[in-house]
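**Q** One letter stands for each residue in the lines below.
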Amino acid sequence: MNLSRGTRIALRVAMIVGLAIIYVPLFVVLINSFNADKTFAWPPTHVTGEWWSRAWQNGGVRSALWTSVKAGLGATAVACVLGTMAAFAVQRYRFFGRETVSLLVILPIALPGIVTGIALNNAFRTVLSPLGIQLGLFTVIVGHATFCIVTIYNNVLARLRRLGTNVEEASADLGADTFQTFRYVTFPLLRSALLAGGLLSFALSFDEIIVTTFTAGAGVETLPIWIFNNLFRPNQAPIVNVVAAALIVLSVVPVYIAQRISGDTRAI
Amino acid sequence: MRFTRLAVVAMAAVSLLAAGCGDSDSSKGGGDSVAGFTPPKIPALKSLGPGEGQVNLVAWAGYAEDGSNDKSVDWVHPFEKATGCKVNTKIAGTSDEMVNLMKTGQYDAVSASGDASLRLIAAGSVAPVNTNLVPNYKDIFSGLKMKPWNSVNGVAYGIPHGRGANLLMWRTDKVKPAPDSWGVVFDANSPYKGHITAYDSPIYIADAALYLSATQPSLGIKDPYALDQKQFDAAVNLLKQQKNNVGEYWSDYLKSQQSFKSGDTVLGTTWQVIANGLTADKVPVETTLPKEGSTGWSDTWMVAAKAQHPNCAYKWMDWIVSPKANAQVAEWFGEAPSNSKACAETSDKKFCDTFHAADEPYWNKVHYWNTPISQCLDGRKNVKCVDYAKWTQAWTQIKG
Amino acid sequence: MMSVTSPGGPVRRFAGLLHRRPSIRLAGLLSVPLLWLVIAYLGSLAALFVTAFWTTNEFTGDVVKVFDLGNFQDLVNESVYRTITLRSVGVAAAVTVIDSLVAFPMAFYMAKIASPRAQRWLVIAVLTPLWAGYLVKAYAWRIMFSGSGVLDWFLSPVGGHGPGYGLPATTVTLAYLWLPYMILPIYAGLERLPNSLLDAAGDLGARSFRTFRTVVWPTVFPAVVAGSIFTFSLSLGDYIAVRIVGGRSQLIGNVVYDNVGTANNLPFAAAVATIPVAIMVIYLLAVRRTGALENL
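Sequence lines, in order, name chains A, B and C. Oh and the first sequence: position 242 is 242 in the UniProt record's numbering, straight run, nothing missing. Oh and the second sequence: position 363 is 363 in the UniProt record's numbering, straight run, nothing missing. Oh and the third sequence: position 105 is 105 in the UniProt record's numbering, straight run, nothing missing.
It is worth saying that the hints were derived from the structure and are not from the lab. A portion of the hints provided could be inaccurate.
[Claimed, not checked] A few chain A residues facing chain C, derived, Cβ under 8 Å:
#	residue
1	9
2	11
3	12
4	96
5	123
6	185
7	203
8	207
[What the hints assert, rightly or not] Derived DEER-like restraints, expressed as beta-carbon distance ranges:
#	chain 1	residue 1	chain 2	residue 2	range
9	C	67	A	96	32 to 38 Å
10	A	77	B	348	47 to 53 Å
11	B	105	A	164	32 to 38 Å
Every value quoted in this text rests on a predicted model; they were computed, and no experiment measured them. The beta-carbon is built from N, C-alpha and C at its ideal position, and this holds for glycine as well.
Sequences are here, hints too, so could you generate the full structure?
**A** Take a look at the structure:
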């Protein structure tokens, strides 16, 4: 593409500066995970590997990580189903109130988390408690799924718009029924869009703390809640840095795999 | 969730209808203080049978550690080994959550803070405790027994767990001379402007009220949790004036420790455990219980009225106040143990001295956190006091 | 789906019915998502806002269901709530502006200049911080802004020093936290913009700036607005970052949190919560025409 040389250089510099801004605090976290000082005094005067070995032996963080993964996968699965259904309805049909669906889907992410959090908390306690269902992992998944729908919905909607209906019509003409068409024709075409939306949805759920605070049952500890609790426990804060540093490194794996599978950066 | 938890423990030590409990010198135990409050008749356990194999607890984070956060911090597994009672813990974030969880009837025991404790008693969620079945009860400091928040009409409802005070801390290299009064944090012309800290919770209004009770006797403040409108407004005005000098409000351990270490903060309220952490890191700080006294907290283990595992619950209550376990939990959480013999078991031999565990004159100066309600806690009948919802809204105004 | 292979089976017949009756298909597709969003979500919100007209019993903490406008009177009469609202909106707007200014050139570089291979890595690089944990990043910024922290450490040789804790620190921290949510939609929007269009503009003699104004901006604007929904709303609802780096200041999220979390005064918290909700709904309705809602 022809851009003036100056513009190109300026953009390149902006990119580098932007990445630097993104990564400097993460490097601070990484360095602090080796900082012998318990309150991360800067600059570090002594280096230690103690936090890494203590984090490694910490059973709480592993179970919290597992809880977070379960919550993220559960919420993403629900969001995939609901988001795809809503996207199909809006893209393939004309009906009264069609315009409102987009607004409705976006509302849970657009309204402040604390509002969603206390509203769901209030509803769960008044509706579910009499039924004997306490706040737990289930309610976390419900809460997360609510604001994750939008990521799937928008990705699938954009993909459906691009696909048009030709292939589906061809499939029907060849005798496939509605379900077969979806399974063998539409779904494969949607897969990368779902993957991209699902990844963002998982990330949203994985780092969510405010809605989680209000929807998690007393015994449910997702990773952000674990971090929250441990930052405020005497002498546990350095371990949090280790966990964060490890997560940053580990996170490259799922993102990269997803990128490879989808082969389609546009959809994210 | 430590800061939520403390914000709520802030409301602790309830005694909703109790009179005079904030003034520890005049409180003579639970019996005389609870007027017009009759708990449901629930019998205490008469004798201890064999354990039921498990026990379900509702507890604050850090009260029932099983080694999953730190391998060396574990008093749950030894309990399970000794009694055969498997422990299932629900960590509660707030007192309200505790009250709601106990209402479900699925739990056997709870580490209730003051506000929760009397609500639990009034709702019939918890039963009186037969202290004869808790052998270690005899070693608990008398200053914690039969208090308005753990007994009603002379009947014990719980086993005291531990306590702490909100102290005044300063950087010895930056603050001279060493302060002995809260006046130094409320001074409008403070030389430490911008470097003062205060606890970020509505309950901090009580600290201002406590200071005013000493410096402005004409206001007639007897209990910092029982403030009529005039007294309340005076405390709020003092805090609005203090805000100009505050660098930041703190609500959690790490934040407080960091800012004292960096010197962003040189003066303000703290907990003993924070001061200890700083001293260990060689930060020149010192703490004191100022001459006006201070605010503080105290928690209680209670047993559910419909406990499915009452024997294991009693065994747990006895365990958690046994010298060794009580020492462990006190050291991990950073509070004064309730068992006098715990002091011999702490890994840091000076632990009880630093936390003043056995220092009753010290604790007499501590006004344990209470929930302010419109019926004045100090027994005044002719005025209405300001309730906690209004305290919260005033706190918003103070921070502006 | 195992019976799809048996023609004439119940699934097949059901599929046939669906094929003949689009309205049933539509109803099937819409019912579940709408049940979830309308009943579970909007229902919860409605239930919350009804409580705003109630009060609490100070002793039991139970909500007293008697209609009462006192909560809203307090909100209107006390100037402090106006101040806090304006401050929160100001912070959210500043965060949004900062994020769009930082994000746009980065997204443009990623979408239009970087090679496809570099593109993939850059997307990963931008997404990575999302996994580091909100609190950890917020505390990292606390260290940056501390009086003896990283910023001062960098700036002191040249005689400068950081802004310390307060609203500027809060704004920077929030902008940092939500930056990826702004970069991604803009990047996706730019990807959809055909290179040929840019080249055509260039061939017709448009300078960079003119191309930007007449070709790029109209296409990307909805994406920027879409990103702003994230940054604005996430900032408006935040109460944690300001506690960590905000010094002594507070935002509207803190007011809601303090009332519900520590005072157990759900009715008043609900009343306060109507403010950010109203702001966001107005914002969404205003930007709906731009097509931003399809660009999230």
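**Q** Are residue 203 of chain A and chain C close enough, Cβ to Cβ, to be under 8 Å, as the hint says?
**A** It holds, given that the least Cβ distance between residue 203 of chain A and chain C is near 5 Å, below 8 Å.
**Q** Could you check if residue 11 of chain A really has its C-beta closer than 8 Å to a C-beta on chain C?
**A** Holds: closest Cβ of chain C sits about 5 Å from residue 11 of chain A, inside 8 Å.
**Q** Verify the CB-CB distance for residue 77 of chain A and residue 348 of chain B against the hinted window 47 to 53 Å.
**A** Since residue 77 of chain A and residue 348 of chain B have Cβ atoms about 49 Å apart, the given range 47 to 53 Å holds.
**Q** Let me know if the C-beta of residue 185 of chain A comes in closer than 8 Å to any C-beta of chain C, holds or violated.
**A** Status violated, d = 13 Å.
**Q** Against chain C, is residue 9 of chain A within 8 Å by beta-carbon distance?
**A** Residue 9 of chain A check fails; min Cβ-Cβ to chain C is 10 Å, beyond 8 Å.
**Q** Does residue 12 of chain A pass the interface check with chain C, least Cβ-Cβ distance below 8 Å?
**A** At about 6 Å, which falls below the 8 Å cut-off, the nearest Cβ of chain C leaves the hint on residue 12 of chain A intact, so it holds.
**Q** Do the beta carbons of residue 105 of chain B and residue 164 of chain A sit within 32 to 38 Å of each other?
**A** 59 Å Cβ-Cβ, so the 32 to 38 Å window is violated.
**Q** Would you check whether residue 123 of chain A satisfies its interface hint, that is, whether its CB is within less than 8 Å of any CB in chain C?
**A** 4 Å, holds
**Q** May I ask you to test the hint 32 to 38 Å on the CB atoms belonging to residue 67 of chain C and residue 96 of chain A?
**A** At roughly 34 Å between Cβ atoms, residue 96 of chain A and residue 67 of chain C fall inside 32 to 38 Å, so the hint holds.
**Q** Please verify that hint: residue 207 of chain A, Cβ, nearest Cβ of chain C, below 8 Å or not.
**A** 5 Å, holds
**Q** Hint check: is the beta carbon of residue 96 of chain A less than 8 Å from a beta carbon of chain C?
**A** 11 Å, violated
The structure does not agree with the numbered hints 1, 4, 6 and 11 stated previously, though it agrees with the rest.
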